[in-house]
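**Student:** Let the sequences and hints guide you as you build the complete structure.
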Amino acid sequence: MKKVVLKLNILDEGVKQKALKNFSDLTGVDSIVFDMNVKMVTVKGDVDPVAVASKLKKISTCTPEIVSVSSERKPEKKKVEGGSRRGGGNKKKTDERRKAHEKKKEDEEKKAHEKIKADEEKKAREKNKADEEKKHMKK
186 MKKVVLKLNI LDEGVKQKAL KNFSDLTGVD SIVFDMNVKM VTVKGDVDPV
236 AVASKLKKIS TCTPEIVSVS SERKPEKKKV EGGSRRGGGN KKKTDERRKA
286 HEKKKEDEEK KAHEKIKADE EKKAREKNKA DEEKKHMKK
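186 is the number of the first residue of the sequence shown in our numbering; add one for each residue after it.
The hints are simulated quantities; they were obtained by calculation from the structure and are not laboratory data. A few of these clues could be false.
What the hints assert, rightly or not - In silico lysine-lysine, DSSO-like type, Cα no more than 27 Å apart, as pairs: (1) Lys288 to Lys278; (2) Lys319 to Lys307; (3) Lys289 to Lys277; (4) Lys314 to Lys302; (5) Lys295 to Lys307; (6) Lys276 to Lys289; (7) Lys192 to Lys206; (8) Lys206 to Lys224; (9) Lys203 to Lys192.
The structure presented is a predicted model; accordingly, all values stated were derived computationally and were not measured.
**Tutor:** In C-alpha coordinates form, the structure reads like this:
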(Lines of atoms letter the chains of each structure in order from A and count residues from 1; the text may use other names and numbers.)
(Lines give C-alpha, C1' and ligand atoms only; values in the text may rest on other atoms or scores of the structure.)
Protein backbone atom coordinates (compact mmCIF):
# COMPACT_ATOMS: atom_id res chain seq x y z
CA MET A 1 0.00 0.00 0.00
CA LYS A 2 1.31 3.44 -0.89
CA LYS A 3 0.65 6.82 0.59
CA VAL A 4 0.89 9.63 -1.94
CA VAL A 5 0.83 13.24 -0.72
CA LEU A 6 0.30 15.99 -3.30
CA LYS A 7 0.19 19.75 -2.96
CA LEU A 8 -2.15 21.76 -5.12
CA ASN A 9 -2.07 25.56 -5.14
CA ILE A 10 -5.73 25.91 -5.99
CA LEU A 11 -7.78 23.62 -3.80
CA ASP A 12 -11.39 24.51 -3.22
CA GLU A 13 -14.65 22.59 -2.87
CA GLY A 14 -15.14 22.41 -6.64
CA VAL A 15 -11.71 20.87 -7.21
CA LYS A 16 -12.31 18.54 -4.26
CA GLN A 17 -15.60 17.24 -5.73
CA LYS A 18 -14.04 16.78 -9.19
CA ALA A 19 -11.04 14.99 -7.64
CA LEU A 20 -13.29 12.59 -5.74
CA LYS A 21 -15.18 11.83 -8.93
CA ASN A 22 -11.99 11.30 -11.00
CA PHE A 23 -10.18 9.26 -8.33
CA SER A 24 -13.07 6.81 -8.31
CA ASP A 25 -11.92 5.77 -11.80
CA LEU A 26 -8.47 4.78 -10.48
CA THR A 27 -8.11 1.20 -9.33
CA GLY A 28 -6.48 0.53 -5.99
CA VAL A 29 -7.52 3.74 -4.22
CA ASP A 30 -8.37 2.95 -0.59
CA SER A 31 -8.81 6.44 0.84
CA ILE A 32 -8.56 10.10 -0.09
CA VAL A 33 -7.99 12.84 2.47
CA PHE A 34 -8.16 16.54 1.65
CA ASP A 35 -6.51 19.08 3.94
CA MET A 36 -7.95 22.37 2.76
CA ASN A 37 -5.84 24.46 5.17
CA VAL A 38 -2.47 23.43 3.72
CA LYS A 39 -3.90 22.56 0.28
CA MET A 40 -2.76 18.93 0.38
CA VAL A 41 -4.33 15.75 -0.95
CA THR A 42 -3.35 12.37 0.52
CA VAL A 43 -4.22 9.25 -1.44
CA LYS A 44 -3.72 5.79 0.07
CA GLY A 45 -3.81 2.52 -1.80
CA ASP A 46 -2.04 0.57 -4.50
CA VAL A 47 -1.86 3.47 -6.93
CA ASP A 48 0.66 5.02 -9.28
CA PRO A 49 1.68 8.47 -7.97
CA VAL A 50 2.05 9.81 -11.50
CA ALA A 51 -1.46 8.65 -12.40
CA VAL A 52 -2.84 10.40 -9.32
CA ALA A 53 -0.98 13.60 -10.22
CA SER A 54 -2.16 13.48 -13.82
CA LYS A 55 -5.79 13.07 -12.70
CA LEU A 56 -5.41 16.18 -10.51
CA LYS A 57 -3.79 18.10 -13.37
CA LYS A 58 -6.77 17.36 -15.62
CA ILE A 59 -9.27 18.87 -13.18
CA SER A 60 -7.24 21.87 -12.00
CA THR A 61 -5.61 24.77 -13.78
CA CYS A 62 -2.35 24.40 -11.85
CA THR A 63 0.15 21.56 -11.74
CA PRO A 64 0.06 19.36 -8.64
CA GLU A 65 3.34 18.83 -6.82
CA ILE A 66 4.14 15.37 -5.46
CA VAL A 67 5.30 16.02 -1.90
CA SER A 68 5.95 12.44 -0.82
CA VAL A 69 5.41 8.83 -1.76
CA SER A 70 5.82 6.19 0.91
CA SER A 71 5.04 2.55 1.33
CA GLU A 72 2.72 1.91 4.21
CA ARG A 73 2.56 -1.50 5.72
CA LYS A 74 -0.30 -2.59 7.85
CA PRO A 75 0.92 -2.82 11.42
CA GLU A 76 1.54 -6.40 12.41
CA LYS A 77 0.00 -7.61 15.60
CA LYS A 78 2.75 -8.11 18.10
CA LYS A 79 2.75 -11.29 20.08
CA VAL A 80 2.23 -10.42 23.70
CA GLU A 81 4.42 -12.44 25.98
CA GLY A 82 3.45 -12.76 29.59
CA GLY A 83 1.54 -10.07 31.38
CA SER A 84 -2.17 -9.78 31.74
CA ARG A 85 -4.74 -10.17 29.03
CA ARG A 86 -5.24 -6.44 28.89
CA GLY A 87 -1.89 -5.77 27.28
CA GLY A 88 1.73 -6.82 27.41
CA GLY A 89 3.63 -7.33 30.55
CA ASN A 90 6.68 -6.01 32.14
CA LYS A 91 9.66 -6.76 29.89
CA LYS A 92 11.81 -7.66 32.88
CA LYS A 93 9.22 -10.18 34.08
CA THR A 94 8.90 -11.57 30.57
CA ASP A 95 12.68 -12.03 30.32
CA GLU A 96 12.75 -13.70 33.74
CA ARG A 97 9.95 -16.07 32.71
CA ARG A 98 11.69 -16.89 29.44
CA LYS A 99 14.98 -17.60 31.24
CA ALA A 100 13.20 -19.74 33.86
CA HIS A 101 11.46 -21.68 31.08
CA GLU A 102 14.77 -22.22 29.24
CA LYS A 103 16.48 -23.38 32.46
CA LYS A 104 13.63 -25.79 33.19
CA LYS A 105 13.90 -27.15 29.66
CA GLU A 106 17.68 -27.57 30.00
CA ASP A 107 17.23 -29.36 33.35
CA GLU A 108 14.66 -31.71 31.81
CA GLU A 109 17.01 -32.48 28.90
CA LYS A 110 19.89 -33.07 31.33
CA LYS A 111 17.76 -35.47 33.39
CA ALA A 112 16.70 -37.29 30.23
CA HIS A 113 20.36 -37.69 29.14
CA GLU A 114 21.33 -38.90 32.64
CA LYS A 115 18.48 -41.43 32.59
CA ILE A 116 19.55 -42.71 29.17
CA LYS A 117 23.15 -42.99 30.35
CA ALA A 118 22.08 -44.80 33.54
CA ASP A 119 19.93 -47.22 31.50
CA GLU A 120 22.86 -47.92 29.15
CA GLU A 121 25.19 -48.56 32.10
CA LYS A 122 22.60 -50.86 33.68
CA LYS A 123 22.27 -52.84 30.43
CA ALA A 124 26.05 -53.09 30.18
CA ARG A 125 26.28 -54.41 33.77
CA GLU A 126 23.50 -56.92 33.11
CA LYS A 127 25.23 -58.07 29.94
CA ASN A 128 28.56 -58.46 31.78
CA LYS A 129 26.81 -60.38 34.53
CA ALA A 130 25.15 -62.66 31.97
CA ASP A 131 28.51 -63.20 30.24
CA GLU A 132 30.12 -64.09 33.58
CA GLU A 133 27.34 -66.58 34.33
CA LYS A 134 27.82 -68.20 30.91
CA LYS A 135 31.55 -68.59 31.60
CA HIS A 136 30.88 -70.22 34.96
CA MET A 137 28.27 -72.54 33.42
CA LYS A 138 30.74 -73.73 30.80
CA LYS A 139 33.31 -74.66 33.48
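**Student:** Verify the proposed pairing of Lys288 with Lys278, using a straight-line Cα cut of 27 Å.
**Tutor:** Since the Cα atoms of Lys288 and Lys278 sit roughly 15 Å apart, the hinted pair holds (cutoff 27 Å).
**Student:** If you draw a straight line from the CA of Lys192 to the CA of Lys206, is it 27 Å or shorter?
**Tutor:** Distance ~18 Å between Lys192 and Lys206 Cα, so the pair holds.
**Student:** Are Lys295 and Lys307 close enough, with their CA atoms no more than 27 Å apart?
**Tutor:** Given pair Lys295, Lys307 holds - Cα atoms ~18 Å apart, limit 27 Å.
**Student:** Within a Cα-Cα threshold of 27 Å, do Lys206 and Lys224 meet the stated pairing?
**Tutor:** 18 Å, holds
**Student:** Next pair to validate is Lys319 with Lys307; report whether the Cα-Cα distance is within 27 Å.
**Tutor:** Answer holds: Lys319 to Lys307 is near 18 Å, not above 27 Å.
**Student:** Taken at face value, is the distance from the CA of Lys302 to the CA of Lys314 at most 27 Å?
**Tutor:** 18 Å, holds
**Student:** What's the verdict on Lys276 and Lys289, does the C-alpha distance respect the 27 Å limit or exceed it?
**Tutor:** Distance ~20 Å between Lys276 and Lys289 Cα, so the pair holds.
**Student:** Given the hinted pair Lys203 and Lys192, is their alpha-carbon gap at most 27 Å?
**Tutor:** 16 Å, holds
**Student:** Taking only the CA atoms, is the gap from Lys289 to Lys277 under or equal to 27 Å?
**Tutor:** Holds - the C-alpha atoms of Lys277 and Lys289 are around 18 Å apart, at most 27 Å.
The structure is consistent with each of the numbered hints, conforming to all of them.
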